[in-house]
Structure formats: C-alpha cells, structure tokens
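J.: Each chain is listed here by its residues.
2 protein chains.
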Amino acid sequence: MEKFELNILGCGSATPTTRHLPTSQVINFREKLFMVDCGEGTQLQLRKAKMKFSRLNHIFISHLHGDHCFGLPGLISTLGLLKRTGDLVIHAHKDVEPIFMPMIESFNEAMPFEVKFEHIDPSSNSVIYEDRSIKVSTIPLIHRMPCCGFLFEEKQKDRHLKADMIAFWKIPIKDLKSIKEGADWVAPDGTIVPNAALTKPAENARKYAYCSDTAYNEKIIPIIEGVDLLFHEATFAESEAARAKVTCHSTAKQAAMIAKQANVKQLMIGHFSARYESDQLLLNEAKEIFDNTLLANEGLVHDIIR
Amino acid sequence: MEKFELNILGCGSATPTTRHLPTSQVINFREKLFMVDCGEGTQLQLRKAKMKFSRLNHIFISHLHGDHCFGLPGLISTLGLLKRTGDLVIHAHKDVEPIFMPMIESFNEAMPFEVKFEHIDPSSNSVIYEDRSIKVSTIPLIHRMPCCGFLFEEKQKDRHLKADMIAFWKIPIKDLKSIKEGADWVAPDGTIVPNAALTKPAENARKYAYCSDTAYNEKIIPIIEGVDLLFHEATFAESEAARAKVTCHSTAKQAAMIAKQANVKQLMIGHFSARYESDQLLLNEAKEIFDNTLLANEGLVHDIIR
Chain A
1 MEKFELNILG CGSATPTTRH LPTSQVINFR EKLFMVDCGE GTQLQLRKAK
51 MKFSRLNHIF ISHLHGDHCF GLPGLISTLG LLKRTGDLVI HAHKDVEPIF
101 MPMIESFNEA MPFEVKFEHI DPSSNSVIYE DRSIKVSTIP LIHRMPCCGF
151 LFEEKQKDRH LKADMIAFWK IPIKDLKSIK EGADWVAPDG TIVPNAALTK
201 PAENARKYAY CSDTAYNEKI IPIIEGVDLL FHEATFAESE AARAKVTCHS
251 TAKQAAMIAK QANVKQLMIG HFSARYESDQ LLLNEAKEIF DNTLLANEGL
301 VHDIIR
Chain B
1 MEKFELNILG CGSATPTTRH LPTSQVINFR EKLFMVDCGE GTQLQLRKAK
51 MKFSRLNHIF ISHLHGDHCF GLPGLISTLG LLKRTGDLVI HAHKDVEPIF
101 MPMIESFNEA MPFEVKFEHI DPSSNSVIYE DRSIKVSTIP LIHRMPCCGF
151 LFEEKQKDRH LKADMIAFWK IPIKDLKSIK EGADWVAPDG TIVPNAALTK
201 PAENARKYAY CSDTAYNEKI IPIIEGVDLL FHEATFAESE AARAKVTCHS
251 TAKQAAMIAK QANVKQLMIG HFSARYESDQ LLLNEAKEIF DNTLLANEGL
301 VHDIIR
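Taken in order, these protein sequences are the chains called A and B. Residue numbers 1 to 306, in this note's numbering, belong to the letters of the first sequence in order. Residue numbers 1 to 306, in this note's numbering, belong to the letters of the second sequence in order.
In short, the hints are calculated from the structure, not lab data. Here the structure is a predicted model, which means the values were calculated and not measured. Heads up, some of the hints might be wrong.
Claimed, not checked - Listed below are the simulated DSS-like cross-link pairs for lysine-lysine, each with C-alpha atoms no more than 27 Å apart in a straight line:
1. B:Lys245 with A:Lys83
2. B:Lys83 with A:Lys245
3. B:Lys50 with A:Lys48
4. A:Lys3 with A:Lys245
5. B:Lys219 with B:Lys200
6. B:Lys200 with B:Lys157
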C-alpha cells in the first residue's frame, strides 16, 4: 500500500506540559509532507522525527490560537537557513497574514523562498488543495474563533485491467484508458463487453479527517462519514463537560460519539488538557462509546489503512 | 551565600538540533528570575526546570534574530493563561515592539497583565535595570545587527560591624549606618576611631556577564574585567574562523582570549553551531587559552561564586 501516514508532533493543548507539546502533525502521503497546525517547537519535532524539511510544501492552519501556529516563524526561518528555494504555501484564515508577515519579513532579510498565503474560509466545506493523488477540504468546526478541520482524501485509482481478458479480446492500447476508468468496450463486431469482465476494482481510496479545536458538533458527521481515521480533539474528561462547553472544546466521550455516528473506522484522540496527569482516563471514556480508539502521542507514527 | 544562579535553557545557535535548543537563560538572583533571550521552546524549558513563572518579571533580549526571541509570543500567552497580573518588562531594541505587538495583541484578547517594552540602546554601555540589590547594564557587541550583552552586578553590601568594638566604644545606634558604609567614628572626646577597627569588609559583590552574539571584540574587556563568570558565545571551532568573521560570531579560542585578557574568574561557552556533533572540540580549543572554561548545556544550573 502506498504511504499515507500520520505523524504526531504535538498533541497537547494551550498550556504546554512536560508530557505534551502544542498541536502539530504531518501527513506523509507518498513522501509528500502536509503539515496540519504548527505550535511552538514544531520544527524541532520535525527534526526529531527525521522528516525531510524539503518535502514540506503545504501547511494547513486550523485556527489562529497560539498553540496551533506559534511555531511558524521559527520553522520558516529554519527553512531559509536550509536554503530552501521552492514556495511554501500556508493555507489559513486571512488574518494569519497581517499577524505573521511583519515577523517573517523582519527576521528573514534575504529569504531564498517565498511564503504564499492561501486564504481559506473556515465556515465552508470546500476543496482547498488538490493534486493528481490527493484532495484536501475544510471541515467547518465550532470554536471561539473561525476554525476548521481538514479532510485528506486519497483519490480513487483507476480499475485494474484483467490482462488475460484484454489479450483475449485483442483490445487496442488506445482504448485502455477509458476501460480503466470504468467504460464498457465495444468490439468491432458490435459486441458490448461489460467493464466488469475486463477489470477488477482498485482498492478503496483512504480518507483521514482532522477535527481540532471544536465543540461537539454533529454537523460534521456527513463530511467525515466513513473515514479510515478520524483525529478528534478530546481536551477534557466527562467531569469537565461544562468547561468543554464554555471553551468550545470536546470531551473524550463526545469525540467518540462523533466517531460512532460517522461510522469511522478508527478514532485517534488528542489536544489533551494540561490538567490530566495521564491520558488513560480520556481513552477509557472514549472507548466506552467507540472501542477502536487510540491516544495521540508525540512521536507516534500511524499508518492510515483501509 | 545568597542565590545568584545561572540556568541554561538553550545554548544552540540558529538551526536547532536534537542536542541544543535556541538561546535562553535565566538568572535566579535571590529568587527573582531575570531571563536573557527567549528562543523558541523557552517556556517549555522553564517548566522542565521547575522555575516559577510568577517570579519572572524582566526579560532582556540581546538582539532581534529569531533564535533569541521567537519564544516570546508563546511565553507571554502562557503567562496570560496562568492568570498573571503583574507587568512583564521586556528590555530590548526599539524594533521589538512593532514586530511583536501585533502578534501579542492578536493572540491575547483579554490578557490580564501588561507587557511593557523598555527600549535599550545596544550601542551604549548603560545601566538599564537597577534595584536595591542588583544592577544590569548593556555591553555593546559587534554582530550583523544592533546587539548587546548584559552585565549583572550584585550590589556591594555594607561592611560588617565588629560587635565587640561597637560595645567597647559605646557607639550610639544613630552612628552605625555611616560606619557600615565605611566612615570613621569620632568619639565625644575627639578620638578618631578608624573604620577598619570597627568593621570587617563584606564579601565582594559578584558579577556575571553575558556576551552573545558577537564577533571577537576587545572593546568589551574593560566592561567585563574581573567578572566571576563570563558567558561568551563560541559558535565555531578555529577551523571555521573565517566563517566566524563573516557571520560576526566568535570561535571558542576567541572567547577564551577575551576571558583571559579580561581576567575573568570563569568562562562558560555556548551558542554552538549545529555542525558539531560534540562540543568537546570547542571546549578543548578554549581551554588551551583559558583553562577555567566550561560548556553550557540545556538544564545546567551553575552557581555564580566569588
């Protein structure tokens, strides 16, 4: 299976602890690195994970709270010191630019590459990045400021040709593309050969959804329906449900309720409050609702599987 | 001896490594914390060192390169989350304010304390902070932008009274203050009792000098003459002397030459380039010139002694 891997760089919440760092993660999709959020210390975590800085071209920022973006100036400066030349694209709410550009410009006199800001609208469910093999779209979330999650969808591959049948029917090469895309084939004598006789389905494309920070929000369910992995914030235990509501965060149980209703294959919880000495309580509370749950942790590398 | 302690939070240079973090250190002077520089990750190092955030009231920034100040937004945000109320004073070049204020204001909607910027002139040797027991002054350095070091001077205490002699001469309490300050005493019959007969000298006040980042600069020698501890940057080994010159940094040997000429008691070197797998080479090169040299390292706590 081609690489589609989630790397957790930080999965704590705003107040840092010695156990967890502020939020950042990297999706390694066939050796292209997509970063989601960039809390303070992200560049060092990237180095510890031995990831290639040069393969990082896109950073997606969920919202402009410091624990999700204070690592940007340091990371950008380091990319400059590493003599990067290609553009770096930061996909974020339009407010990111006036806040960060004075800093980026002051600290990088002769930066050898360009930082491009692509403004996203966190309130809409829209495609914000697309290439031949992957598509990224926003997931509107409910937080104390404009905030969105991100859905990473591998593109569905063409069907696999059945070589023996192609040979049997002596199908010319020029017709193969449309067959792989699902078309039936019409023989010179007018015989219609159904596509199912000529091809096998490709593996289902994989999907990963990142939802943080957010209050409990059932509106996201149709968007994340059936994803292979859902990362959902679980800042609080159920005992702090009132505080979760006030601060527009979720409890572990609420994360699991979303996972269950959306029929996701697996749930990973993170964005843990500094108040918990151990995350086991949060895991237990989530598992009561949705058993296939795991805890995020710094350094965790997790394959997104079908 | 009253506490005068140097805590190294980070002693690497601009490109972070898994061995060293960007620059920050804290001087704990009788449980008041003075921070010098604040690279990315500083707040976490402060937490790891179990220092009380509430005791930090003054931050001194040597210059506006990212590896010396990118930790400020995160630290300030966290102080807000910790419900700090007292002012935080940042002593730095005037350019710090327009660069950092947009960020500090955007990310701290209802910050419960005030961040006050005290502008310093890095090109002058001036007192920038003073209280009853300590004085901080700038040390002009040579770098690629305005940059200064900081001299922390414990204030000289009054001389100790010799209790038996005070009793013998029946000296009234009202005269004791001037005697402690060094005055002779005139008895009612006109006898002059010399101060040395009435007092013993107090311990010498201690001095700590921080010099980073800087090219080799003999002009600082009179300012740091005889300090108990000199922290001097030693970014490069002697093999990179040409690069040190171009980038306005020092070699370990140059740091030691400054220490030797200034007759300091002890030298600590830091701000190590990412290129060295071990700092031992830098230590060896410094020790050839100035034997009482030690290496900075993250987590090091060092008493400044007479």
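J.: Next step is simple, just say for each hint if it's right about the structure.
T.: These are the hints, each one checked on the structure:
no.	hint	result
1	B:Lys245 with A:Lys83	holds (21 Å)
2	B:Lys83 with A:Lys245	holds (21 Å)
3	B:Lys50 with A:Lys48	holds (24 Å)
4	A:Lys3 with A:Lys245	violated (37 Å)
5	B:Lys219 with B:Lys200	violated (35 Å)
6	B:Lys200 with B:Lys157	holds (12 Å)
Violated hints for the displayed structure, listed by number in ascending order: 4 and 5.
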